[in-house]
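Engineer: Sequence:
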Amino acid sequence: GMVIHSLYAPESSVYFEQRYCRLQGSLEPAYFQQAWQAVVDHYPVLRTAFFSEEFEKPLQAVMTDVVLPWTHLDWRDIGVEPQAKLAEYLEGDRAQGFALDQAPLMRCTLSQLTNEEFIFVWSHHHALMDGWCNAQLLRDVMAVYDGLLQGRRVTLAPSPAYRNYILWLQQQDSDQAQTFWQEQLAGISAPTQFRPLASPLGKRRLRGGNAEPEITPPPPNPKQKEGEQTPQNTPKKRGGKRGGEGEKKEK
Numbered sequence: 517g518m519v520i521h522s523l524y525a526p527e528s529s530v531y532f533e534q535r536y537c538r539l540q541g542s543l544e545p546a547y548f549q550q551a552w553q554a555v556v557d558h559y560p561v562l563r564t565a566f567f568s569e570e571f572e573k574p575l576q577a578v579m580t581d582v583v584l585p586w587t588h589l590d591w592r593d594i595g596v597e598p599q600a601k602l603a604e605y606l607e608g609d610r611a612q613g614f615a616l617d618q619a620p621l622m623r624c625t626l627s628q629l630t631n632e633e634f635i636f637v638w639s640h641h642h643a644l645m646d647g648w649c650n651a652q653l654l655r656d657v658m659a660v661y662d663g664l665l666q667g668r669r670v671t672l673a674p675s676p677a678y679r680n681y682i683l684w685l686q687q688q689d690s691d692q693a694q695t696f697w698q699e700q701l702a703g704i705s706a707p708t709q710f711r712p713l714a715s716p717l718g719k720r721r722l723r724g725g726n727a728e729p730e731i732t733p734p735p736p737n738p739k740q741k742e743g744e745q746t747p748q749n750t751p752k753k754r755g756g757k758r759g760g761e762g763e764k765k766e767k
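To convert, count from 1 in the sequence shown and add 516; that's my numbering.
Source of the hints: derived by calculation from the structure; they are not laboratory data. Careful, some of the hints might be misleading.
Label-pair distances were calculated between CB atoms; the ranges are [as the list claims (entries may be wrong)]:
no., residue 1, residue 2, range
1, K573, G608, 27 to 37 Å
2, A615, N650, 36 to 46 Å
3, G703, Q534, 35 to 45 Å
4, A611, N680, 33 to 43 Å
5, Q599, G541, 12 to 22 Å
6, Q694, G541, 19 to 29 Å
7, Q549, Q694, 25 to 35 Å
8, R592, D557, 27 to 37 Å
9, A693, Q599, 20 to 30 Å
10, E604, G703, 43 to 53 Å
11, D593, Q549, 37 to 47 Å
12, A611, A702, 54 to 64 Å
13, P674, S542, 43 to 53 Å
14, E597, G667, 34 to 44 Å
The beta carbon of each residue, even a glycine, is placed where N, CA and C say it ideally should be.
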């Protein structure tokens, strides 16, 4: 579905995934790049491209050797705020998009702010992976990076062949699947409404380019008397000394 939508609307960025973060500390850019290349070499899906014009139906092909596009920018003396420069870069990166027939559908950019501060941008097409894969991919990247720092070879755990999943997918009965979901969704005529859950933290900021959500508190209990505390907002008694209470540690 995502590939078809992208083919019909190539100017749309709805399936363009873009994540960024700030890295602080002693980073070895060359090792960091090698670690990302290692996971591209390890997972066939990261080396795939989609061809539509040459075949009757879109075809997903896995390339043998793919070099991950990597850009290293020096922003140490740019003369403007890094956040403004980052916003400009992210907009241009998104506008560039991806050509579905050119693997890999992923690229990385490392911008250096100081000797020990970087901004890392990771962009890829959503057809390669979903959010559930990100954590595993990042764990593998950091495992290889740590190994390079320590001078040892890291062997990533073998993964099932991606072609086996494609073969299994092609063997499924689409009519049977359609019947199943029609039965499961029978009687549903409108989207399911979700009520936002209240959080004791109130307004939270999510890093990495995500928006800052507003969390709506629950409505007051009409049976609750003024001044009366519910179990959720009744303060708990703390034992021991009070010397450490109220202190927050910044990581």
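Engineer: Compare the structure with each hint and give your call.
Structural biologist: Consistency of the hints with the structure:
1. K573 x G608: 27 to 37 Å: holds, 33 Å
2. A615 x N650: 36 to 46 Å: Since the Cβ atoms of A615 and N650 sit about 23 Å apart, the hinted range of 36 to 46 Å is violated.
3. G703 x Q534: 35 to 45 Å: The hinted range 35 to 45 Å holds for G703 and Q534, with Cβ atoms some 39 Å apart.
4. A611 x N680: 33 to 43 Å: holds, 36 Å
5. Q599 x G541: 12 to 22 Å: At 20 Å between Cβs, range holds.
6. Q694 x G541: 19 to 29 Å: Given a distance of about 52 Å, which is not inside 19 to 29 Å, the answer is violated.
7. Q549 x Q694: 25 to 35 Å: This hint is violated: roughly 45 Å between Cβ atoms.
8. R592 x D557: 27 to 37 Å: Holds - the Cβ-Cβ distance for R592 and D557, about 31 Å, lies within 27 to 37 Å.
9. A693 x Q599: 20 to 30 Å: violated, 46 Å
10. E604 x G703: 43 to 53 Å: holds, 50 Å
11. D593 x Q549: 37 to 47 Å: violated, 22 Å
12. A611 x A702: 54 to 64 Å: violated, 43 Å
13. P674 x S542: 43 to 53 Å: violated, 32 Å
14. E597 x G667: 34 to 44 Å: For G667 against E597, whose Cβ atoms are near 38 Å apart, the range 34 to 44 Å holds.
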